[in-house]
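Those protein sequences? They're chains C and D, same order as listed. With positions in the first sequence counted from 1, the corresponding number in our numbering is that position plus 108. With positions in the second sequence counted from 1, the corresponding number in our numbering is that position plus 4.
None of these hints come from the bench; they were simulated from the model. One or more hints might be untrue.
Unchecked claim - Covered stretches of chain D (chain C as the covering partner; in silico rule of three or more C-beta atoms under 8 Å from a C-beta of chain C): (1) 34-46; (2) 67-78; (3) 90-100; (4) 126-138.
As the list claims (entries may be wrong) - Pairwise CB distance ranges (calculated): (5) D:Pro86 - C:Val118: 28 to 38 Å; (6) C:Ala179 - D:Asp405: 44 to 54 Å; (7) C:Glu146 - D:Gly103: 22 to 32 Å; (8) C:His144 - D:Asp263: 46 to 56 Å; (9) C:Asp111 - D:Thr218: 50 to 60 Å; (10) D:Ser116 - C:His144: 29 to 39 Å; (11) C:Leu151 - D:Arg316: 53 to 63 Å; (12) C:Val118 - D:Pro264: 33 to 43 Å; (13) C:Arg182 - D:Ser116: 38 to 48 Å; (14) D:Arg232 - C:Arg170: 33 to 43 Å; (15) D:Pro264 - C:Glu146: 48 to 58 Å; (16) D:Ser116 - C:Leu151: 27 to 37 Å.
Ideal Cβ placement from N, Cα and C applies to all residues, glycine included.
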Amino acid sequence: MIDREQVLHVARLARLELTDAEVERMARELSGILDHLERIVELDLDHVEPTSHVVALENVLRPDEPRPSLARERALAGAPDATDSGFRVPSPGAAAANGS
Amino acid sequence: MTTVTTTPTERAYEPVIGLEIHVQLRTQTKMFCGCALSFGDDPNTHTCPVCLGHPGTLPVPNAEAIHFALMIGLALECELAPRSIFHRKNYFYPDLPKGYQISQFDIPLWRSGRLGDVRVHRVHLEEDAAKLVHAGSSGRIHGAEASVVDFNRGGTPLVEIVTEPDLSSSEQAGEWLRLLRATLKRLGVSDVNMDEGSLRCDANVSIRPVGTATLGTKTELKNMNSFRFLERGIAAEVARQEELLRGGGEVEQETLHFDPRTGGLSALRSKEESHDYRYFPEPDLVPLAPTQAMIDRARTALPELPGARAQRLERELGLPGDVARLLAFRSELGDFYESALSADGATDPHTLASWVTVELVARLGDVDPAESPVAPEALAELVRLISARSVSGSAAKEVLDAMVADGGRPEAIVVERGLGLAGAGELDAVVDRAIEANPDAAEKVRAGTAKAMGAIVGAVMRETKGRADGGEVQRMVRERLGLG
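Using the sequences and the accompanying hints, generate a full structural model.
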C-alpha cells in the first residue's frame with residue numbers, strides 16, 4: 109500500500125504539485141499498480157530474460173559526422189527567459205536552499 | 005609547551021580512496037546528435053532539438069564514441085558486457101534539459117578491469133550536461149541570482165570510469181590518475197585536459213583503523229580540476245575525517261566541494277536527495293551489443309600503452325624506473341627518444357635518456373620536442389660526441405642551447421663556435437698554469453684533501469671556457485702532483 113508520504117516524496121522528485129484530493133487518488137492508483145505487479149511476480153519467470161526493450165533491434169548507431177546546428181536565435185526562441193546568448197534560469201543556488 | 009609525542013592510536017587510521025573519472029571523448033559530434041563538439045565557441049551555437057531535449061526527438065548513439073569506449077575498456081583490461089543498455093538517470097537541474105541524463109546503470113559496457121595496481125570497477129558511456137554560467141557574482145554556484153545555460157557542451161560523449169577503493173593515499177591517487185591520463189592520451193580518445201574539463205575526477209574517501217578490512221562511511225569529493233587540487237582535497241578530507249573520529253564523532257555520508265582558494269570543504273547537496281535517480285531503461289535507445297568486428301577494430305586501434313612502454317624501456321634498455329615512466333607518460337618525449345635512438349645505433353641509451361628528460365625538457369618545458377627545431381638524429385649525434393669525449397658536458401649544453409634556438413647539427417655548431425674539447429697538448433699547459441696559480445689547493449690535494457681539487461679544475465674550466473673533460477683534467481692534475 110502506497111501511503112500519503114510516499115506520494116508526496118515521488119511528487120516532489122517529479123516537481124509535481126498535488127492537491128489533497130490528488131494525493132488521495134494517486135495513493136490509490138499507485139497502490140493498484142503495485143498490486144498488479146505483485147500478481148506478475150507470482151508467475152514462474154525464472155527462465156525468461158528481463159525485457160528492457162520490446163523491439164528486436166541492436167546497435168542502431170550513426171556515423172560521427174557533423175550536421176548543421178540550429179541558429180542561436182531559433183534555439184533560444186522557445187525559452188521562457190533568455191539573454192542574447194543563452195537560456196536564463198533561476199540560480200540553482202536558490203533552488204538548493206529549498207533542498208534540491 | 006611540552007613536547008607532544010604521537011601515540012600509536014593517534015596514527016592508527018588508513019585512508020581508503022576510490023576515484024570516479026569522467027572523460028570527454030574527442031569525437032567530431034555529440035553522443036546522441038550530429039551537433040559538432042566545440043570548446044570555447046560562442047554559447048548555444050552548437051545545439052539542436054535533440055540536445056536541447058525537445059519533445060518528440062530521438063537520440064541515436066555516435067558509433068565513434070562507442071569505438072572509443074571499446075578502446076578504453078580494452079586498455080583497462082575490462083570484461084565486456086555482451087549486451088549493455090542505456091538508462092535514464094532522472095533529476096532536475098538547469099543544465100539537463102530533458103530532466104534526465106542518458107547513462108548506463110546495471111549493465112555497463114565494461115566491468116572488472118585493471119590499470120597498474122588499481123582495479124577498475126566499471127566503465128560506462130553517458131552524455132555530458134550543459135554548462136551553467138553564473139551571472140552576477142563570483143562564478144561559484146552559491147550566491148548568484150540568475151544563471152545562463154550554454155548547451156554547447158550538453159550531450160558531449162562521456163566515459164565514466166569508476167575504480168575500486170584500492171588507493172590508500174592522496175599521492176597514490178594523484179600518481180594513478182597521471183597513469184590513467186597518459187593512457188587515455190595515448191589512446192587518442194580524449195584531450196584529457198583537466199583545466200578545460202575534458203578530464204574530471206571525483207574521489208570517494210573514507211578511513212578505517214589500520215589492519216581492519218571494513219570500510220568506513222565515505223564522502224564524495226567533487227570539483228578537483230587539477231592534480232594538485234585532487235591531492236590537496238583528498239589530504240584535507242582524510243585529515244577532517246581523522247579529527248572527527250578522534251573526537252568521538254562520526255563521518256556523515258555527503259558530497260563535498262573542495263575550494264582551492266581556502267583549502268576548505270563544504271557540503272554540496274543534501275544526502276537524502278542525491279541518490280534518488282529512479283533509473284529505468286531508456287526506451288528510445290536499443291541495446292548495444294558490440295559485434296566481433298567492432299571489438300576487433302578497437303583492438304587493432306590500440307597503441308602501445310604507457311604502462312607497457314615504461315616496462316619495456318626499463319627491461320630492454322635498462323633505464324631507471326622514473327626515467328622510463330617519464331618517457332612513457334609523456335609519450336611525445338618517448339617518441340622523440342626512440343626516434344633518436346633508432347637514428348644512431350651507437351648512441352648510449354642512458355645518456356640519451358638523460359639528455360631528453362633533463363636537458364631538453366629544461367629548455368622546452370611542455371613543448372613537444374617534435375615541434376621544436378631540435379631533430380632527434382641531431383640530439384643522438386650530440387650524445388655520441390659526448391660519449392666519444394669530443395665535447396665536454398658544459399660545451400654540449402651550449403650546443404643544445406644553439407640547437408633549441410636555431411636547429412642545426414651539433415658537429416657544425418661545435419666547429420663554428422670552437423667548442424671542441426681541448427686536446428691533450430693544449431691542456432698540458434693550461435693544467436700546469438692552474439696548479440701554479442693555486443699552490444694552496446695543490447698542497448691540500450697532495451696531503452689527501454680530494455675536494456681541494458675543485459679550485460684547480462675550476463681554473464682549467466675557466467681558461468678553456470668549459471671545453472675540457474673534467475675527469476681527464478683531474479687525472480692530469482693528480483699525475484702532476486705525484487698522485488697518479
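Results for each hint:
1. 34-46: holds (count 5)
2. 67-78: holds (count 4)
3. 90-100: holds (count 4)
4. 126-138: Contact hint for the region 126-138 of chain D vs chain C: holds, 3 residues under 8 Å.
5. D:Pro86 - C:Val118: 28 to 38 Å: Between D:Pro86 and C:Val118, where Cβ atoms are some 34 Å apart, the hint holds.
6. C:Ala179 - D:Asp405: 44 to 54 Å: With a Cβ separation near 53 Å, C:Ala179 and D:Asp405 satisfy 44 to 54 Å, so the hint holds.
7. C:Glu146 - D:Gly103: 22 to 32 Å: 29 Å, holds
8. C:His144 - D:Asp263: 46 to 56 Å: 50 Å, holds
9. C:Asp111 - D:Thr218: 50 to 60 Å: Taking Cβ atoms as reference, C:Asp111 and D:Thr218 lie about 35 Å apart, which means the hint is violated.
10. D:Ser116 - C:His144: 29 to 39 Å: 37 Å, holds
11. C:Leu151 - D:Arg316: 53 to 63 Å: At 57 Å between Cβs, range holds.
12. C:Val118 - D:Pro264: 33 to 43 Å: This hint holds: roughly 38 Å between Cβ atoms.
13. C:Arg182 - D:Ser116: 38 to 48 Å: 46 Å, holds
14. D:Arg232 - C:Arg170: 33 to 43 Å: 39 Å, holds
15. D:Pro264 - C:Glu146: 48 to 58 Å: Roughly 52 Å apart at Cβ, these two residues keep to the hinted range, so it holds.
16. D:Ser116 - C:Leu151: 27 to 37 Å: At roughly 33 Å between Cβ atoms, C:Leu151 and D:Ser116 fall inside 27 to 37 Å, so the hint holds.
Checked against the numbered hints listed earlier, the structure breaks hint 9 alone; every other hint is satisfied.
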